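Q: As a plain string of letters, each chain reads:
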Amino acid sequence: MTTTLVTDPPRVPPDRPVLHTSNIAQTWAMSKRAILAMWRQPSLVIPSMVFPLFFIALGTSAFSRAINVPGFPEVDSYLDFALAGAVVQGVLFGSVTGATALATDVENGFFDRLLASPSTRPGIIVGRLAGGMAYGAFQTAFFMVVLLPFGLEIKGGPVGAVALVASGTLLALAVGAIMSTMAIRTGSSEAVQGAFPLLFIALFFSSAFFPRSTMSGFYATLADYNPISYLVEGMRDLVIGGLTWWALSRAILLPALLAVGGVALALRSLNKRLAAS
Amino acid sequence: MMTTVSNPDPYHSIEGGYPIVARGLERHFGSGDDVVKAVDGVDLHIEPGEIFGFLGPNGAGKSTTVRMLTTLLRPTGGSARVAGFDVVEESDDVRRNIGVALQDAAIDPLMTGAELLHLQAVLYGLPKSQHRTRAQELLERVGLTAAADRRVGTYSGGMRRRLDLALSLIHEPSVLFLDEPTTGLDPMSRISLWEEIRRLNNDGTTVLLTTQYLEEADQLAERIAIIDNGKIVRRGRPAELKAEVGSPTLFVAVPAEMHDAASAVLVHFGELRPSPEGTLGVGLPDGPGAVSGVVRRLDEAGVHVRNLELHEPSLDDVFAEATGHRLEGASDGAENEPVSP
Numbered sequence: 000m001t002t003t004l005v006t007d008p009p010r011v012p013p014d015r016p017v018l019h020t021s022n023i024a025q026t027w028a029m030s031k032r033a034i035l036a037m038w039r040q041p042s043l044v045i046p047s048m049v050f051p052l053f054f055i056a057l058g059t060s061a062f063s064r065a066i067n068v069p070g071f072p073e074v075d076s077y078l079d080f081a082l083a084g085a086v087v088q089g090v091l092f093g094s095v096t097g098a099t100a101l102a103t104d105v106e107n108g109f110f111d112r113l114l115a116s117p118s119t120r121p122g123i124i125v126g127r128l129a130g131g132m133a134y135g136a137f138q139t140a141f142f143m144v145v146l147l148p149f150g151l152e153i154k155g156g157p158v159g160a161v162a163l164v165a166s167g168t169l170l171a172l173a174v175g176a177i178m179s180t181m182a183i184r185t186g187s188s189e190a191v192q193g194a195f196p197l198l199f200i201a202l203f204f205s206s207a208f209f210p211r212s213t214m215s216g217f218y219a220t221l222a223d224y225n226p227i228s229y230l231v232e233g234m235r236d237l238v239i240g241g242l243t244w245w246a247l248s249r250a251i252l253l254p255a256l257l258a259v260g261g262v263a264l265a266l267r268s269l270n271k272r273l274a275a276s
Numbered sequence: 000m001m002t003t004v005s006n007p008d009p010y011h012s013i014e015g016g017y018p019i020v021a022r023g024l025e026r027h028f029g030s031g032d033d034v035v036k037a038v039d040g041v042d043l044h045i046e047p048g049e050i051f052g053f054l055g056p057n058g059a060g061k062s063t064t065v066r067m068l069t070t071l072l073r074p075t076g077g078s079a080r081v082a083g084f085d086v087v088e089e090s091d092d093v094r095r096n097i098g099v100a101l102q103d104a105a106i107d108p109l110m111t112g113a114e115l116l117h118l119q120a121v122l123y124g125l126p127k128s129q130h131r132t133r134a135q136e137l138l139e140r141v142g143l144t145a146a147a148d149r150r151v152g153t154y155s156g157g158m159r160r161r162l163d164l165a166l167s168l169i170h171e172p173s174v175l176f177l178d179e180p181t182t183g184l185d186p187m188s189r190i191s192l193w194e195e196i197r198r199l200n201n202d203g204t205t206v207l208l209t210t211q212y213l214e215e216a217d218q219l220a221e222r223i224a225i226i227d228n229g230k231i232v233r234r235g236r237p238a239e240l241k242a243e244v245g246s247p248t249l250f251v252a253v254p255a256e257m258h259d260a261a262s263a264v265l266v267h268f269g270e271l272r273p274s275p276e277g278t279l280g281v282g283l284p285d286g287p288g289a290v291s292g293v294v295r296r297l298d299e300a301g302v303h304v305r306n307l308e309l310h311e312p313s314l315d316d317v318f319a320e321a322t323g324h325r326l327e328g329a330s331d332g333a334e335n336e337p338v339s340p
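Protein chains in written order, with numbering that gives the first Met the number 0: chain A, 0 to 276; chain B, 0 to 340.
One or more of the hints may lead you astray.
Here are the computed distance ranges between Cβ atoms for each label pair [claimed, not checked]:
1. A/GLY70 with B/ASP91: 20 to 30 Å
2. B/ARG149 with A/PRO16: 18 to 28 Å
3. B/ALA145 with A/GLN40: 17 to 27 Å
4. A/SER276 with B/GLU256: 31 to 41 Å
5. B/ARG305 with A/GLN40: 48 to 58 Å
6. B/ASP91 with A/LEU147: 14 to 24 Å
7. A/LEU242 with B/VAL87: 52 to 62 Å
8. B/GLY23 with A/LEU43: 42 to 52 Å
For the record, the hints were derived by calculation from the structure and aren't laboratory data.
Computed from a predicted model, the values in this text were never measured in an experiment.
Beta carbons: idealized from backbone N, C-alpha and C, even for Gly.
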């Protein structure tokens, strides 16, 4: 210690309030802001609620007899089969919104305002992701509730339904984190939105809409290597098969692992950005 | 063994009283032959309770300096202490003690004024019991009480700046940074913001403001530093700086083909000074009385004078004398340096 006697306490005018920053309160406030932003931009959010339902309505009416195709798993209706794909589709859509908002913060300078405050740095990202998770949970529950009157039957029962919500929530975290990494690296909302078609392609080259057993050739190979296939199938088994450890592990563990990796990437890119500035 | 008893160095002694001290502050972008020295060895000693103006054209290094002092950008050389703390080593303490309103009033357009103040209160750790009263107080102070529950996206430019100022004051900072607080504002909004800044300063807040407006620096700042190409080229009180330039400048507008003839006449009256396109400028050490003589001699030389303007020394003259070019009007076509990455 060489400076103990030299460094006097900072000059603080007597009437200044005593500040107690709390990482939890800050992160919570940032999460609320993320949810508020979604709520106030219905035009960005509604497509992620409506499109999957539209797909499922189309599929259920057009492919109602597809379930008799050899190789199709045993299901009561295409609706039961398609729920998992719709949830994943919706969450992929929705997760772009949060990451785009993050990139917009960087673009318009609000990110700097946050960094100029004594707020927790990871909280800026974590708050956004928490908002995205809340939305993912809401979407999954919303799809199930809307489709119940149309004959949706979840074989996994209430526990299976809760597991589905957990799965959607974790997926929202994973995709949100990966997209946020991109938002922080590029600082461009256009780049984030530009990545969206890639997500969509990844979804179509998976078993989200048809079982892998009915696919052939190059398409089947892609679907075999696509993690989304396994995620969707895990969720689907909860709906059409029932509550099994195998279904749970794919529906929960897979997005959880993706989320751990995604969040690590996002925080690393934040640290890199802070160190580079 | 280092001595721990006394340190005569004002840089390390907070009781030395400087809310902002910078020493040889540098920020270079790029490397090798492409290196851009956005800030190139800036020294600052800002006194408690003063308004310090940082004047310079776009790309001169003002914003880059402010970003370093507010911990948003790491210096590549030199060091700085703000509110008694090192901007690199104790950045979190710096952030707690300063208020920052950055260029372009960066505010989330989806939130309302009241919501943003609340968020800011949480980020700065203001006690919960004070959130509401403090927000109301600040909204009233900047005249936004009626607009508190409207989304910022619906605010005018002036309203956004005022909200931005209110946000930066939530924790009653002792040092306030305002980066071009009135750029793009209409004259009325500018004046009301000036009044607010003066009021804050009267309450004891130290203010560092950057501006590319001479009048703003002249009106508000007790001391100014003129920065150009990353270096401080002049510093002092505006009145003293103007007095140093001394004599008034006469601008003579003449047709382009008569420039040389006119210059030959003008040099007899004083030194030629930088001037706007299409005009010649000459310093008149003998004061305004020399104008009639200038006109007569130009007339005798057959130079057709289109217009004459006599300017008492202004900060623009100080700027021109220091840098060889004029500030006003130069800001739009100027070769800009990167302000920040």
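Q: Now tell me, hint by hint, if it's right for this structure.
A: Verification of the hints:
1. As the Cβ distance of A/GLY70 to B/ASP91 is approximately 60 Å, the hint placing it in 20 to 30 Å is violated.
2. Between B/ARG149 and A/PRO16 the CB atoms are about 27 Å apart, so this pair conforms to the stated range of 18 to 28 Å.
3. As the Cβ distance of B/ALA145 to A/GLN40 is approximately 25 Å, the hint placing it in 17 to 27 Å holds.
4. For A/SER276 and B/GLU256, the Cβ-Cβ distance of about 53 Å falls outside the hinted range of 31 to 41 Å, so the restraint is violated.
5. Our hint of 48 to 58 Å for B/ARG305 and A/GLN40 holds, since their Cβ atoms are close to 57 Å apart.
6. Between B/ASP91 and A/LEU147 the CB atoms are about 51 Å apart, so this pair departs from the stated range of 14 to 24 Å.
7. Between A/LEU242 and B/VAL87 the beta carbons are some 55 Å apart, a value that agrees with the proposed interval 52 to 62 Å.
8. Roughly 47 Å separates the CB atoms of B/GLY23 and A/LEU43, a value that falls within the hinted 42 to 52 Å.
Going through the hint list in order, the structure does not satisfy hints 1, 4 and 6.
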